[in-house]
Amino acid sequence: MMSWFGAIAILSATTIFGFEWAKRVRERPKQLRELKVTLQALEAEIIYGSTPLHEAFQHIGRPLKEPLSSFFLVISDLLEEGELSVQEVWDRQLAVLAQETSFKAGEIEVLRQFGSTLGRHDKEHQQKQIQLTLAHLNREEKEARDIQERYEKMCKSLGVLMGLLIVILLM
Amino acid sequence: MGLDVNAVFQIAGLGIIVAMLHTVLKMIGKEDYAHWVTLLGFVVALFMVITLLDDLFQKVKGVFLFQN
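If you read the sequences in order, they're chains U and C. Positions 1 to 171 (our numbering) are the ones given, in order, by the first sequence. Positions 172 to 239 (our numbering) are the ones given, in order, by the second sequence.
Please keep in mind that the hints were generated in silico from the structure rather than gathered at the bench. By construction, the Cβ of each residue, glycine as well, lies at the ideal position given by its N, Cα and C atoms. Please note: incorrect hints may appear among the correct ones.
Stated by the list, open to error - Computed spacing ranges between beta-carbons, pair by pair:
#1 U:G106 <-> C:V176: 47 to 57 Å
#2 C:T222 <-> U:S69: 50 to 60 Å
#3 U:I166 <-> C:G233: 32 to 42 Å
As the list claims (entries may be wrong) - Facing chain C, a subset of chain U residues (Cβ under 7 Å, in silico):
#4 R150
#5 S157
#6 L161
#7 L164
#8 L165
#9 I168
#10 M171
To be verified - Derived DSS-like pairs: lysine-lysine, alpha-carbon spacing no greater than 27 Å straight-line:
#11 U:K156 <-> C:K197
#12 U:K153 <-> C:K197
#13 C:K201 <-> U:K142
#14 U:K142 <-> U:K23
#15 U:K104 <-> U:K30
#16 U:K104 <-> C:K197
Using the sequences provided together with the hints, build the complete structure.
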């Protein structure tokens with residue numbers, strides 16, 4: 001009786017682990033796409049609106065979903081306080097973002113480089129930097145989708161099978 | 172006899188699970204991992220068999236050599 005209870009507990013734990021893993025794999029391309037759209041919105045704000053950076057961040061951050069939204073809104077707030085430079089704020093919030101989203105080191109590095117150019121150049125240079133970042137993110141997104149296709153199913157079935165294996169070994 | 176049947180089922184289940192793991196890993200193109208998993212499953216099954224055989228030998232020793 002007790003051993004069946006333990007078996008079910010182990011099995012459900014590994015199954016949940018597998019599904020969480022699959023969810024992380026599935027979320028990454030989605031969040032990357034969202035980030036790309038956001039960067040394009042930022043480009044429009046800078047090129048056509050000539051909006052100051054903290055207002056632009058507020059405009060693009062508001063319609064987004066949670067982890068990305070608070071990323072931009074917090075940066076906007078910190079910029080309005082005006083104690084830190086853009087790059088310092090950006091780097092600090094990027095560390096938070098890296099923990100909360102499924103982004104990997106590649107796109108975090110791309111974003112870090114983008115942040116170091118933010119607010120330093122004129123419009124045309126800024127637009128070029130955004131285009132460059134978008135190109136990098138495109139590549140990352142392609143890779144992320146490739147990984148998703150291959151790994152999503154594997155993560156789920158691997159979780160269940162590992163649980164079954166452990167249960168059988170301990171029985 | 173009950174314990175014996177249980178052990179046989181355990182080894183059979185181990186074989187099935189390891190075979191499924193092998194297929195899944197091979198399907199996504201990680202054949203090296205698939206082979207390692209199969210090898211590990213084989214080793215574990217071998218350990219189970221060895222414990223059972225050890226039991227048998229101890230019993231044989233106990234019967235014929237009057238030890239234990």
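Structure-based check of all given hints:
1. U:G106 <-> C:V176: 47 to 57 Å: 53 Å, holds
2. C:T222 <-> U:S69: 50 to 60 Å: Holds - the Cβ-Cβ distance for T222 of chain C and S69 of chain U, about 58 Å, lies within 50 to 60 Å.
3. U:I166 <-> C:G233: 32 to 42 Å: 34 Å, holds
4. R150: Holds - the Cβ of R150 of chain U comes within 7 Å of chain C, reaching about 5 Å at its closest.
5. S157: 5 Å, holds
6. L161: Holds, because the Cβ-Cβ distance from L161 of chain U to chain C comes to roughly 5 Å (cut-off 7 Å).
7. L164: 5 Å, holds
8. L165: 5 Å, holds
9. I168: 4 Å, holds
10. M171: 6 Å, holds
11. U:K156 <-> C:K197: Status holds; Cα separation ~15 Å.
12. U:K153 <-> C:K197: OK: K153 of chain U and K197 of chain C at ~13 Å, within 27 Å.
13. C:K201 <-> U:K142: Roughly 20 Å between the alpha carbons, so the hint for K201 of chain C and K142 of chain U holds.
14. U:K142 <-> U:K23: This hinted pair holds, its Cα atoms lying about 18 Å apart.
15. U:K104 <-> U:K30: Satisfied, since the Cα-Cα distance of roughly 13 Å is no more than 27 Å.
16. U:K104 <-> C:K197: 25 Å, holds
Hint check: no violations occur; every hint is consistent with the structure.
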